[in-house]
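Residue numbers (the working numbering), protein chains in the order written: chain X, 5 to 417; chain C, 5 to 417.
Incorrect hints may appear among the rest.
Because identical chains share one entry, a pair is satisfied inside a single copy or across any pair of copies.
Stated by the list, open to error - Straight-line Cα separation of at most 30 Å, BS3-like style, residue types lysine-lysine; simulated pairs:
no., residue 1, residue 2
1, Lys12, Lys72
2, Lys415, Lys34
3, Lys363, Lys20
4, Lys388, Lys65
5, Lys72, Lys415
6, Lys257, Lys65
7, Lys58, Lys12
8, Lys363, Lys395
9, Lys34, Lys395
10, Lys58, Lys386
11, Lys398, Lys203
12, Lys398, Lys58
Just so you know, these hints were derived from the structure itself, not from any lab.
No experiment lies behind these values; they were computed from the predicted model shown.
Protein chains: 2
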Amino acid sequence: MLPKTPAKGMRDFLPKDFALRQQILATIQKTYENFGFMRIETPAVENIELLTSKQGGDNEKLIFKILKRGEKLENASDEQLCDLGLRYDLTVPLARFYANNVGQLPAVFKSIQMDNVWRADRPQRGRYRQFVQCDIDVIGEQSNLAEIELITATMQTLDNLGFDNVTVRLSDRRLLNALVARCGFEDEQKSAVFIALDKLDKIGVTGVIQEVETIAQGKGVEFVNLINRINSASDPLEQCARELGDYLPVEVKRNLEEILYVTGDLVTNGRVVFDVTLVRGMGYYTGTIYELSVDGLGISVGGGGRYDKMIGRMTGNDVPACGFSIGFERIALLISERGNTSVASRGTAILVDRDLESKQVLDVMQACRQARKSSNVTLLRKIKNFSFQVKQLKEQGYEAIYEYRNGSFGKID
Amino acid sequence: MLPKTPAKGMRDFLPKDFALRQQILATIQKTYENFGFMRIETPAVENIELLTSKQGGDNEKLIFKILKRGEKLENASDEQLCDLGLRYDLTVPLARFYANNVGQLPAVFKSIQMDNVWRADRPQRGRYRQFVQCDIDVIGEQSNLAEIELITATMQTLDNLGFDNVTVRLSDRRLLNALVARCGFEDEQKSAVFIALDKLDKIGVTGVIQEVETIAQGKGVEFVNLINRINSASDPLEQCARELGDYLPVEVKRNLEEILYVTGDLVTNGRVVFDVTLVRGMGYYTGTIYELSVDGLGISVGGGGRYDKMIGRMTGNDVPACGFSIGFERIALLISERGNTSVASRGTAILVDRDLESKQVLDVMQACRQARKSSNVTLLRKIKNFSFQVKQLKEQGYEAIYEYRNGSFGKID
């Protein structure tokens, strides 16, 4: 017998699951469109050179690679075997899309992408090998008008999805660089220090100290003390600027101040705060970075930042770019756990005898469509377990269920 | 530099392309939902055993296969190299979905699927390696109530998409079997004769005679004459029954008569006709088959049939099943060629000076949102080529464009 379960780590969506997901996606798209973003689509499959061009960080280890077709494959290496792969995110394909279509896009291009991505990760609760990402990006805008719109639009989307207490934590990749420079770390120690700092939530102060000590002996306590002084200040960004002095470029501080000032007033369902401990994993960020969480849950449900150097790798000329990605699967899980999800109305169902002849079926269909002046009528043959069938139909959202017998309709409650 | 074009045979969709496609998909889904169908989703990736189980016909030669991960691959064969593949249609995954979820589905399950499929076909005009199929299926309904609903719903969908003259050609796989039995072909010659008949449109009468002669010498003319007598009769189905006599099971004739009778009266934008030359390629069909065309174009834009034996290969018990697939890409092409596709309204755009400070930006956003009582406002910095920017914004669907200068808004026509 053939396998009947989906491939490992992947999911079937039943009608009620699909309906909820589609409804959430529609709300997200509509909100983003109201902010002037426009939805585009790229193929699920990309050339393997693009996917393995060192822009995807650790995700490049998780690519589903596609075998070449119609070639001798004996003794071939991975690289020789595969010419294509499934995309692991929507940012790398977007950069390619922009480079490919720039002539037909507006000077400042504001895109929406809502699509599946694939990662050959170890499946676990809430982590899948095919999952949906929702990204918005602004390409071609150098100023922080981009960041302001991305953050405002995303918080409005969460508001429209019923989340009335969200937090965006904000920092800047250049501020992180200043931080490690101020502490005297070497350039090649930088990314290891970032990784340690990123784990503060998980491993705590002692853990970070230990990890920094393995990178540069004697610097662990100094580094963590600096972070603590900034964190505990009444105005962490001011404190940070004081601590970093000339290490922090003045435009970096002004960038964060402006974003905090403008979004602070525009957003009604949460807050935007500076957080010196925010890191964001991807190496391609060049400026502002941010992460979104729903208050009380302590997990990230989205994030993004500025990546001004990625498109240049495809066009030869750098183009400023900035994005915000919502973790759709987490949002969908939170909404489904909230319960109270309404079932779409499916109209009227007519149950007919199992042996009704097809010629009579026509009369029934026409009679009930006319009677109810609606095409929203489904004709079904009765099954043996009649009460079970009626129960199922009600669960599916049929508002009215009729039984047809000897030329007349009887309503079933 | 990295590749900027999509993978061979695949496409990027610009905002206006995406909007049209999404609008068509929404019309299709809404119409099918009105007939009681419910949308589901399966993963793009399936286990390779499912995809290569001889249910996909020639499409199985076109599978994009996915390389196993984390294993030694030296000297391995194709089968040993790959454990997954991209689906080439939506019918085989649906059968697996049904087998996997039957306990949670209604006794008669009416599904909608609208999703990408992938085929490593040679790309050519109008043929792509990633394309969308729109399928509806009825699972668990033994009678031709299934066929009647599938045909009626699909014709209504085409009507709602603005096609007011469509034809469904109808036949039955069992009638084709009777036809070749009546002409005295051997069982093993059957599929070759079907393939020859299927080409009638392309190679003409002489071509079919020649091809049948290579299968069974001396039978070409007799076979084609039989087809011609049926085709040219005033009532082809009656003529077919007379010609085939006892070879044609009585229930096969009644099945077609009933479908013709009921759909003939329900459909307002076209006609349903019997066509003895209709073949349909897939080997899994067991009964009724049909194909949809838009009058005057002479190309098929959809088709389907009954496949009562497929689900049993996964569950051990046969379950009656019947489907209709719309060729979405062809429909989308026809609609886009029709032109006159409206651009969605995007609200108001405000153009501000390139060097406006972010703190002023907030005031502008709040002022114009309040003034217009709408959140549908986009703020953009002016680019050097101002008139080009305004032209682009109009093309994108912005209804009102304002210039902000020294504290006041000036409308741009």
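> Can you tell me if lysine 34 and lysine 395 fall within 30 Å by alpha carbon in one copy, between copies, both or neither?
Replying inline: Result: close only across copies, 24 Å inter versus 34 Å intra.
>> One pair to classify: lysine 363 and lysine 395, alpha carbons no more than 30 Å apart. Within, between, both, or neither?
In response: within (28 Å within a copy, 59 Å between copies)
> Checking lysine 58 and lysine 386: alpha-carbon separation at most 30 Å within a copy, between copies, both or neither?
Replying inline: The answer is neither: 59 Å in one copy and 34 Å across copies each exceed 30 Å.
> Between copies, within a copy, both or neither: which fits lysine 12 and lysine 72 at Cα up to 30 Å?
Replying inline: Classified as both; 23 Å inside a copy, 12 Å across copies.
>> For lysine 257 and lysine 65, with the copy left unspecified, which applies at a CA distance of at most 30 Å: within, between, both, or neither?
In response: Intra 35 Å, inter 58 Å, cutoff 30 Å: neither.
> Can you tell me if lysine 415 and lysine 34 fall within 30 Å by alpha carbon in one copy, between copies, both or neither?
Replying inline: Only across copies: lysine 415 and lysine 34 sit 26 Å apart there, 39 Å inside one copy, limit 30 Å.
> Using 30 Å as the alpha-carbon threshold, which applies to lysine 363 and lysine 20: within, between, both, or neither?
Replying inline: Answer is neither; intra-copy 34 Å and inter-copy 46 Å both fail.
> Under a CA distance limit of 30 Å, which applies to lysine 72 and lysine 415: within one copy, between copies, both, or neither?
Replying inline: Result: close neither inside a copy nor across copies, 59 Å intra and 56 Å inter.
>> I want to check one pair: lysine 398 and lysine 203. Are their C-alpha atoms no more than 30 Å apart within a copy, between two copies, both, or neither?
In response: For lysine 398 and lysine 203, the Cα distance exceeds 30 Å both inside one copy (49 Å) and across copies (48 Å).
> Within a copy, between copies, both or neither: where do lysine 388 and lysine 65 come within 30 Å Cα-Cα?
Replying inline: Result: close neither inside a copy nor across copies, 53 Å intra and 43 Å inter.
>> Cα distance capped at 30 Å. Does lysine 398 pair with lysine 58 within a copy, between copies, both, or neither?
In response: neither (52 Å within a copy, 38 Å between copies)
>> If the cut is 30 Å between Cα atoms, do lysine 58 and lysine 12 qualify within a copy, between copies, both or neither?
In response: both (27 Å within a copy, 22 Å between copies)
Of the numbered hints stated above, those contradicted by the structure are hints 3, 4, 5, 6, 10, 11 and 12, listed in ascending order.
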